[in-house]
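Trainee: Sequence:
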Amino acid sequence: MSFDFSTASDAIANPLSYFSDRAEDYEKYRPIYPPSAIDTILSGLGSSTPLIAADIGAGTGIGARLLADRGIRVMAIEPHADMRTAATPHERVEYLTGTAEQIPLETASIDLVTSFQAFHWFDFDKSLQEFRRILKPGGRLALIWSFWDQSDAVSKQYTRLIYEASEEQEPQLLSRINPEKWLKSLRYQLFWQGLWLPDFTNFQRHEFTFNQKLDLAGSIGLARSQGFTPAGGAALDKLVSELSEFHHRVCDAQGQIQLTYCTRLYTATSPGYGG
1 MSFDFSTASD AIANPLSYFS DRAEDYEKYR PIYPPSAIDT ILSGLGSSTP
51 LIAADIGAGT GIGARLLADR GIRVMAIEPH ADMRTAATPH ERVEYLTGTA
101 EQIPLETASI DLVTSFQAFH WFDFDKSLQE FRRILKPGGR LALIWSFWDQ
151 SDAVSKQYTR LIYEASEEQE PQLLSRINPE KWLKSLRYQL FWQGLWLPDF
201 TNFQRHEFTF NQKLDLAGSI GLARSQGFTP AGGAALDKLV SELSEFHHRV
251 CDAQGQIQLT YCTRLYTATS PGYGG
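Numbering of the sequence shown is given in the UniProt record's numbering, commencing with residue 1 and proceeding in unit increments.
Everything labelled a hint here was simulated from the structure, so no lab data went into it.
As the structure is a prediction and not an experimental result, all values here were calculated from the model.
Beta carbons: idealized from backbone N, C-alpha and C, even for Gly.
Please note: incorrect hints may appear among the correct ones.
[To be verified] In the BS3-like style, the derived pairs of lysine-lysine whose C-alpha atoms are separated by at most 25 Å in a straight line are: (1) Lys213 / Lys156; (2) Lys156 / Lys136; (3) Lys238 / Lys28; (4) Lys136 / Lys126; (5) Lys156 / Lys28; (6) Lys156 / Lys238; (7) Lys213 / Lys28.
[To be verified] What follows is a set of in silico ranges between Cβ atoms, one per label pair, in the way DEER data are often shown: (8) Thr201 / Thr107: 16 to 22 Å; (9) Gly46 / Gln193: 28 to 34 Å; (10) Lys126 / Lys156: 31 to 37 Å; (11) Gln193 / Gln157: 40 to 46 Å; (12) Ser244 / Thr201: 47 to 53 Å; (13) Gln256 / Arg70: 28 to 34 Å; (14) Thr85 / Pro198: 32 to 38 Å; (15) Asp39 / Pro198: 25 to 31 Å.
Work out the full structure: start from the sequences and follow the hints.
Mentor: See below:
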């Protein structure tokens with residue numbers, strides 16, 4: 001498959017609309033991230049005092065809870081009320097209403113800024129400026145994505161079904177939101193290759209793999225949780241039918257399929273706001 005991302009803008013107009021009525025599926029069926037990725041995010045940050053993290057575009061808190069499970073206090077910044085409502089509570093996670101471009105936190109108050117599967121929705125320049133503002137000098141930025149491994153046959157077929165339905169639904173959207181496809185300018189290409197991130201130092205790229213097993217409800221629910229799949233009507237009915245046929249064709253004796261993910265993590269250090 002090929003996608004035209006040449007006309008896509010840095011940020012998507014009204015991205016909240018793409019997640020209306022998807023929060024329940026998002027919380028239930030989205031995969032977590034591999035422990036090795038969380039280890040890398042936290043490596044070298046120290047533990048003499050409790051760390052404070054801001055998870056931006058936190059969704060239902062999947063990434064925020066992984067950090068909180070490590071003893072970190074997390075300020076989960078999420079603009080979508082349905083996502084905040086659907087989040088599983090955690091004693092060390094506090095939800096705040098806000099966006100990546102206007103984060104409701106004090107300057108130089110945060111040790112770690114994370115964004116799990118969300119940075120592609122943000123305005124590139126404005127969000128990075130806000131990340132630098134709230135990070136303490138020497139604080140860490142961690143941007144992370146997981147995407148289906150196209151070298152795995154089952155994952156590739158699953159991807160194809162979802163992307164074909166998405167292109168039928170809104171052809172101009174798809175190129176903007178998959179991290180492998182929204183490389184719509186030189187700066188995004190350099191970023192995705194791990195070569196460049198403006199105004200941060202020690203920029204590094206890390207890669208991991210992991211698997212997710214899904215029953216039929218999970219196969220359909222994971223597809224429905226994507227911000228770019230059909231939300232209803234005949235297009236969704238068609239996708240569900242195709243996914244059901246695919247699932248029954250490739251599932252194991254327990255009725256499950258296995259999807260393989262590539263996780264890509266980018267870390268960088270803030271020199272301080274205005275530094």
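Trainee: Look at each hint and say if it fits the structure.
Mentor: Results for each hint:
no.: 1; hint: Lys213 / Lys156; result: holds, 15 Å
no.: 2; hint: Lys156 / Lys136; result: violated, 41 Å
no.: 3; hint: Lys238 / Lys28; result: holds, 22 Å
no.: 4; hint: Lys136 / Lys126; result: holds, 18 Å
no.: 5; hint: Lys156 / Lys28; result: holds, 22 Å
no.: 6; hint: Lys156 / Lys238; result: holds, 19 Å
no.: 7; hint: Lys213 / Lys28; result: holds, 13 Å
no.: 8; hint: Thr201 / Thr107: 16 to 22 Å; result: holds, 19 Å
no.: 9; hint: Gly46 / Gln193: 28 to 34 Å; result: holds, 30 Å
no.: 10; hint: Lys126 / Lys156: 31 to 37 Å; result: holds, 35 Å
no.: 11; hint: Gln193 / Gln157: 40 to 46 Å; result: violated, 27 Å
no.: 12; hint: Ser244 / Thr201: 47 to 53 Å; result: holds, 49 Å
no.: 13; hint: Gln256 / Arg70: 28 to 34 Å; result: holds, 29 Å
no.: 14; hint: Thr85 / Pro198: 32 to 38 Å; result: holds, 35 Å
no.: 15; hint: Asp39 / Pro198: 25 to 31 Å; result: holds, 27 Å
Checked against the numbered hints listed earlier, the structure breaks hints 2, 11; every other hint is satisfied.
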